[in-house]
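K.L.:
Kindly produce the complete structure, drawing on both the sequences and the hints.
Each protein sequence line maps, in turn, to chains A and B.
12 is the number of the first residue of the first sequence in my numbering; add one for each residue after it.
131 is the number of the first residue of the second sequence in my numbering; add one for each residue after it.
Treat the hints with care, as some may be off.
Stated by the list, open to error - Chain B is nowhere near these chain A residues, computed Cβ spacing over 10 angstroms in every case:
1) W62
2) D92
3) A139
4) A164
5) G233
6) N289
7) D300
8) A421
9) M455
10) V628
11) M651
12) P672
13) P730
To be verified - Covered stretches of chain A (chain B as the covering partner; in silico rule of three or more C-beta atoms under 8 angstroms from a C-beta of chain B):
14) 563-571
15) 583-596
16) 631-645
The set of hints was computed from the structure by calculation and includes no laboratory data.
Values in this document were obtained by computation on a predicted structure and should not be read as measured data.
Just so it is clear, CB atoms sit at the ideal spot from N, CA and C, and this is done for glycine as well.
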Amino acid sequence: MERIEGIAKLTGAERYVDDLPAEGALWGMTVRSPAPRGRIREVRFDPSVDWSRFVVVDHRDVPGANEVLLIEPDQPVLATDRVRHVHEPVVLLAHPSRDAVRQAARAVEVVVGPEEPYLDFALPPRPAQIQRGDDNVMKRIEVRKGDVEAALARAARIVEGEYRTGAQEHVYIETQGMLAWEDAGVLFIKGSLQCPYYVHKAALRALGRDADAVRIVQAPTGGGFGGKEEYPSMIGLHAALLALKAGRPVKIVYDRGEDMEATTKRHPAIVRHRTGVNADGRLIAQDIDVRMDGGAYVTLSPVVLSRGVIHAAGPYSCDNVRIVGHAVMTNSPPHGAFRGFGAPQTHFANERHMDVVAATVGMDAIEFRRRNMIGDGDSTATGQVIADGVDRAALLGRAVELSGWREKEAAHARLARSDPWIRRGMGVACFHHGAGFTGGGEVMLASRLDVAGLPDGRVEVRSANIEMGQGTLTIFTQIASARLGLDPSMVTIAEADTGRVPNSGPTVASRTAMVVGRLVEEACDELRARLGLGPDVVGDSLTQALVRWHAERPGAELVGEAKYEPPPGVRWDDESYTGDAYAAYGWAAYVAEVEVDLRTYAARVIDFVAVQDVGTVLNPTLARGQVQGGVAQGIGWALMEECRWKDGAMENAELTNYIIPTSDDLPPLRVHFEETPWPGGPLGAKGLGELPIDGPAPAVVNAIARAVGVDPREIPLTPERLMALIEDDRARHARIA
Amino acid sequence: MKVPRPADLAQALELLGQRRSETPLVPIAGGTDLMVHWPVRPDARTREYVDLAAVGELRGVRWSEEALELGALASYWDVIVDAQANEEFPILVASARQVGAIQIQSRGTWAGNIVNGSPAADGVPVLMACDAVVVLASREGTREVALDRYYTGYREGARRHDELVVAIRIPRIARSLQRFVKVGPRRAQAIAKVGLAVTRSEAGWRVVAASVAPTVRRCRAVERLLEENGMPSAPEDLDPALREDVSPIDDIRSTAEYRARVLGRVLFDAVRDGAERAG
Chain A
12 MERIEGIAKL TGAERYVDDL PAEGALWGMT VRSPAPRGRI REVRFDPSVD
62 WSRFVVVDHR DVPGANEVLL IEPDQPVLAT DRVRHVHEPV VLLAHPSRDA
112 VRQAARAVEV VVGPEEPYLD FALPPRPAQI QRGDDNVMKR IEVRKGDVEA
162 ALARAARIVE GEYRTGAQEH VYIETQGMLA WEDAGVLFIK GSLQCPYYVH
212 KAALRALGRD ADAVRIVQAP TGGGFGGKEE YPSMIGLHAA LLALKAGRPV
262 KIVYDRGEDM EATTKRHPAI VRHRTGVNAD GRLIAQDIDV RMDGGAYVTL
312 SPVVLSRGVI HAAGPYSCDN VRIVGHAVMT NSPPHGAFRG FGAPQTHFAN
362 ERHMDVVAAT VGMDAIEFRR RNMIGDGDST ATGQVIADGV DRAALLGRAV
412 ELSGWREKEA AHARLARSDP WIRRGMGVAC FHHGAGFTGG GEVMLASRLD
462 VAGLPDGRVE VRSANIEMGQ GTLTIFTQIA SARLGLDPSM VTIAEADTGR
512 VPNSGPTVAS RTAMVVGRLV EEACDELRAR LGLGPDVVGD SLTQALVRWH
562 AERPGAELVG EAKYEPPPGV RWDDESYTGD AYAAYGWAAY VAEVEVDLRT
612 YAARVIDFVA VQDVGTVLNP TLARGQVQGG VAQGIGWALM EECRWKDGAM
662 ENAELTNYII PTSDDLPPLR VHFEETPWPG GPLGAKGLGE LPIDGPAPAV
712 VNAIARAVGV DPREIPLTPE RLMALIEDDR ARHARIA
Chain B
131 MKVPRPADLA QALELLGQRR SETPLVPIAG GTDLMVHWPV RPDARTREYV
181 DLAAVGELRG VRWSEEALEL GALASYWDVI VDAQANEEFP ILVASARQVG
231 AIQIQSRGTW AGNIVNGSPA ADGVPVLMAC DAVVVLASRE GTREVALDRY
281 YTGYREGARR HDELVVAIRI PRIARSLQRF VKVGPRRAQA IAKVGLAVTR
331 SEAGWRVVAA SVAPTVRRCR AVERLLEENG MPSAPEDLDP ALREDVSPID
381 DIRSTAEYRA RVLGRVLFDA VRDGAERAG
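P.N.:
Right under this line is the structure:
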């Protein structure tokens, strides 16, 4: 099936928030903190500017609680008397001219009396740097299974390792943007966002309004990758505050630089492993410590940490596991949701460590993984028994076979003997990703979704889940059309407008197709039931019944409603952190082939095989695109994407110096799906969106390690870092010789 | 903001010449440096500009018996599509293809690359390695400066505020080697961390490095070494001479150590290739 909004995007007809016409609108701009931590002494407005021509908003203009409500209410909409990170919003300005407001923002000076910031989360905070509790820890999580210390005591080998991953910028094509206006007492906030009801909830709290006095509407969104999960609440509230004070619509669209400096990034992480292996090369103990830099406010860090911790032991079977995680408050801009949500960090550590362990015990990296792969009937670190019928060892075997691993390794060895500069290597990673919210999250969300039968015989899916390039509109159309036996043209998807659609939850966590897609099926069934029809009535008969129903009841609404119910048997205990962490997992094995040029120390991925099982593939084109996009983003994170920090601010907040891969930097991305249907998902589907970013980094870095015989522990593995590893290694060998 | 757009060279030189050196007009051709940074560089608004786009005399790629002459408005693309340039100056084409993407290649000019003065320029090293001469004109007349003597410091060159680069002249002599190497943080659309242009002709070796000094730098010590000692046997043999020629630093794009080491390696590889061809 063709992508619903594909032609509009291809031809430029699609209108993003920056393109939306807004009669008499003002442009909004944000004045931000210059310092990572301190008291605001003064806000100076340059007297040479006529400020009466500007709308000026500060914390005193926030009518409700000055909080961007999410998990904890610690983050202010606008700073009051102190700042906790560089680029924290302090004052808002609006003016009819975008250029004038841009200039004016430079004429406001926030004077901060500095306090000692806590910027390096790898070090314990000094007393003067403590800002939360007695250690700056905002969340601690512990997972326990079996007896790790006893198992380590009897292990044939214990292998330790520490692994580090850096922050990553989303680089969605469309920067963050919002338009706000008031109409007949209702405040509208419309823009680029993933979670309409998150913005709604935050707006009610900060603006002190009733639920029906605020409507959040998603505009076509040019990519999100998690970056539009929490930050749209902030920028949406800013636009709203300016619009309410101005009495006119206000639009805020960030420049790329502002977007990169001020909005969220992937959490930097340090993961330590201590692994016990018995004489047969089986894992008997995994002792894992996960530390993440949460940034200056709590935002989503506790749940990012949670997902990272739960995935930290990888797709392996081990009887004794201890995983301790800490999210630490620092004075960086808050780190936030990013595709993978903590799992890419811990999977990088685990899969790099698996190669290190295999090498240490003298086993083949593939055989070591195969021997320890989790099988049906085995349990995860949280005690979840896996029984979905997926043959995970076969996924690994298939990836290895498709990649031509054995033949290529032989060719690489010959190349190393004949070429002075070029080295090649193969690397593998096995991993999994839980779909939907973690633990009891989906039950707490209690998502609702409607499918309405329209008078002309079409059906309308009403959900708060949005299209951001990943395919929601197409997938929902497919699911409804399959369920009701209708031509896709008879299915329409409502605009994600909180005034019109129920809260089906956020568009995050690989939950849209699997969890919300299932609600589409249930609401379709419910619609049919309300028409008094049996499940076998489909297609034209259904359409005619709809038209008849409306003809008999002019003006009436016919809506099939669905509400989330957990799949039978799923249980989770948040106190002990045990149970079924996710209703379903996607499983994957990725193989990378890399080439390292010893003249430039640049590593390049020259072939990539991605084999995964995500249940039934709903739309092969979209699914392949999701995997290829995730792999590209993962290769960027592994090799080149580096946020450079200076005094708590991103120093390279521009696309000239924050380097993402171009198509020329990417190999052929060969994508294969094994399809084991999952009965809990629509048409047997599981979540897919995040899985593909979990595996590329370890696969690529493992391949580089094999190509040049070094042991990288940190990404991005830039040519500068790789040079240091190669040359230090060479110097060490020279000394020994 | 108003930007004058003179119709011919005389008018352009008149506009430039009317200004005092404290309040010069900044000539723009492709505008590829200016426009990219416009929203984020407030100082760009305080300057005044003159747009050369309509000055017909400055367009084009011209061939004479002795030289290839690039007009001040000649773009990278003009060279990429020039059959004779592909034949005779593959090094110019190679560097042009490494500048940004096609949009930038079709707007950006060789002369703009010289005047902009970035030490990481892609166009300047290959021109310098081909002994290019910069032709400067003002109301007073015309003068010529060899490109390898053009730069006086970081983003500072020989052009006076009342002068315009009107052409770049590149002598047509037989070259047995032309090699351009750009080491960027990715394979396309990147700014060089190390740039290198090497040619060899009867006039001798020309070795020019970018991103390793405050200006694009001709490496005369390396050239002498190659003339006198012939082929080095390892990259490290080039290090003492390179240390005389270049002074790389740590910055947002790379480290001094990386630049020095990689320059030595790509240079070794390029000259060995040249020696093999000549031998």
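K.L.:
Each hint: holds or not?
P.N.:
Results of checking the hints against the structure:
Every Cβ of chain B is farther than 10 angstroms from the Cβ of W62(A); the closest lies at roughly 18 angstroms, confirming the non-interface assignment. Every CB of chain B is more than 10 angstroms from the CB of D92(A) (nearest about 29 angstroms), matching its label as outside the interface. No beta-carbon of chain B comes within 10 angstroms of the beta-carbon of A139(A); the shortest separation is about 29 angstroms. The beta carbon of A164(A) sits about 44 angstroms from the closest Cβ of chain B, which is more than 10 angstroms, so the claim that it is off the interface holds.
With a cut of 10 angstroms on Cβ distances, G233(A) stays outside the contact zone with chain B, its closest approach being about 18 angstroms. Even its closest Cβ contact with chain B, about 43 angstroms, leaves N289(A) beyond 10 angstroms, as expected for a residue assigned away from the interface. At roughly 30 angstroms from the closest C-beta of chain B, the C-beta of D300(A) stays outside 10 angstroms, upholding its exclusion from the interface. Residue placement check: A421(A) keeps its beta carbon more than 10 angstroms from all beta carbons of chain B (closest about 27 angstroms).
Look at M455(A): its CB is around 42 angstroms from the nearest CB on chain B, clear of 10 angstroms, so calling it non-interface holds up. Listed as a non-interface residue, V628(A) keeps its Cβ farther than 10 angstroms from every Cβ of chain B; the least gap is roughly 31 angstroms. The Cβ of M651(A) sits about 6 angstroms from the closest Cβ of chain B, inside the 10 angstroms cut-off, so the non-interface label is violated. Listed as a non-interface residue, P672(A) fails to keep its Cβ farther than 10 angstroms from every Cβ of chain B; the least gap is roughly 6 angstroms.
At roughly 7 angstroms, the least C-beta separation between P730(A) and chain B is not larger than 10 angstroms, which violates its mark as non-interface. Check on the stretch 563-571 of chain A: 0 of its residues sit with their Cβ under 8 angstroms from a Cβ of chain B, so the three-residue criterion for coverage is violated. For the stretch 583-596 of chain A, the assignment as covered by chain B is violated, since 0 residues bring a beta-carbon within under 8 angstroms of that chain's beta-carbons and 3 are needed. A stretch counts as covered by a chain when three or more of its residues have a beta carbon under 8 angstroms from one of that chain; for the stretch 631-645 of chain A and chain B the count is 0, and the coverage is violated.
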